[in-house]
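For reference, each letter of the sequence shown is one residue, going -23 to -1, 1 to 252 in mature numbering (1 follows the signal peptide of the UniProt record, and there is no 0).
For the record, the hints were derived by calculation from the structure and aren't laboratory data. Remember, it's a predicted structure, so these values are computed and weren't measured experimentally. Check before you lean on any hint, since a few could be wrong.
Below, computed lysine-lysine pairings styled on DSS-like, alpha-carbon distance capped at 30 angstroms [unchecked claim]: (1) Lys45 x Lys27; (2) Lys234 x Lys44; (3) Lys45 x Lys234; (4) Lys45 x Lys71; (5) Lys234 x Lys27; (6) Lys44 x Lys71; (7) Lys44 x Lys27; (8) Lys44 x Lys202; (9) Lys202 x Lys234.
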Amino acid sequence: MNRRHVLTALLVAPLLLVQQARAANLDDIRAGGVLRVAVYRDFPPFSFVKDGELTGIDVDLARAIGKKLGLAINFMPITPADDVDGDLRNAVWKGHYLGGGTADLMLHVPFDRELARRNDNAYLFSPYYSENFAWAGGNVPGSTLQIGQDSIAVENDSLADLYLSSLQGGRLRSQLQHYPSAQGAVAALREDKASAVYGTQSELEWGLPRGEWRLGQPQAPGLIKARWEVGMATKESLRDLAWAVSDAVTELRQSGKLARLFARYQVSYRAPDEH
């Protein structure tokens, strides 16, 4: 660790302690009147900046939860780490080494038993929708992947990219076109630079005009999880917050407001228990 890192650690550590101490339980949060929520930066349709304002499905959901709990929302946009474990460490229970403290609540966390086991300082809870991979294009492949035919746009180094690159010994690699973001991959399809795009269904639905493109969910041989649940996380010590948030999400779901929130961004709502 160089001198700059040592100085940063010395100056920031007390601030992190103050940040973590202020939210020892739900009563402390209610006393402050503000719920700090971590969302991913530049992650449409869930959290992104439009016309200078933070917006998206997760942003609207956080505000709806805050309204149910009678709390104002303070957003903490985060840049993804190398993995979700790093995101939980930086956003939920420890804080980034450059400072900024931690959030009371983090959205868009894979609801996975093994992930929860590895991160015992965080509490994963309340899956609020189910995500899956999908194809989009003018001539979407059917139940099996097409080999040696059309060009396929993917986000570089995404799970969709890694899956297609390794499928059937890499036979699809020559067909793949890589883009720095899911939006770029979708744009390639719209601009006729690719014949199909592969990625998460929510990103494809948000990026493509309805009715102009076919969307499909073919079989995904060899993929351990073609569908997964997305939930939330908080500190292990804030389980009372988790219970209150879970109740709020249940009310939003049962009232139909959660589905309408997704529809606002032309994304199909898929409940976590739908298969």
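task = Kindly indicate which numbered hints from before are broken by the structure, ordering the numbers from low to high.
result = As far as the earlier hints go, only 8 is violated by this structure.
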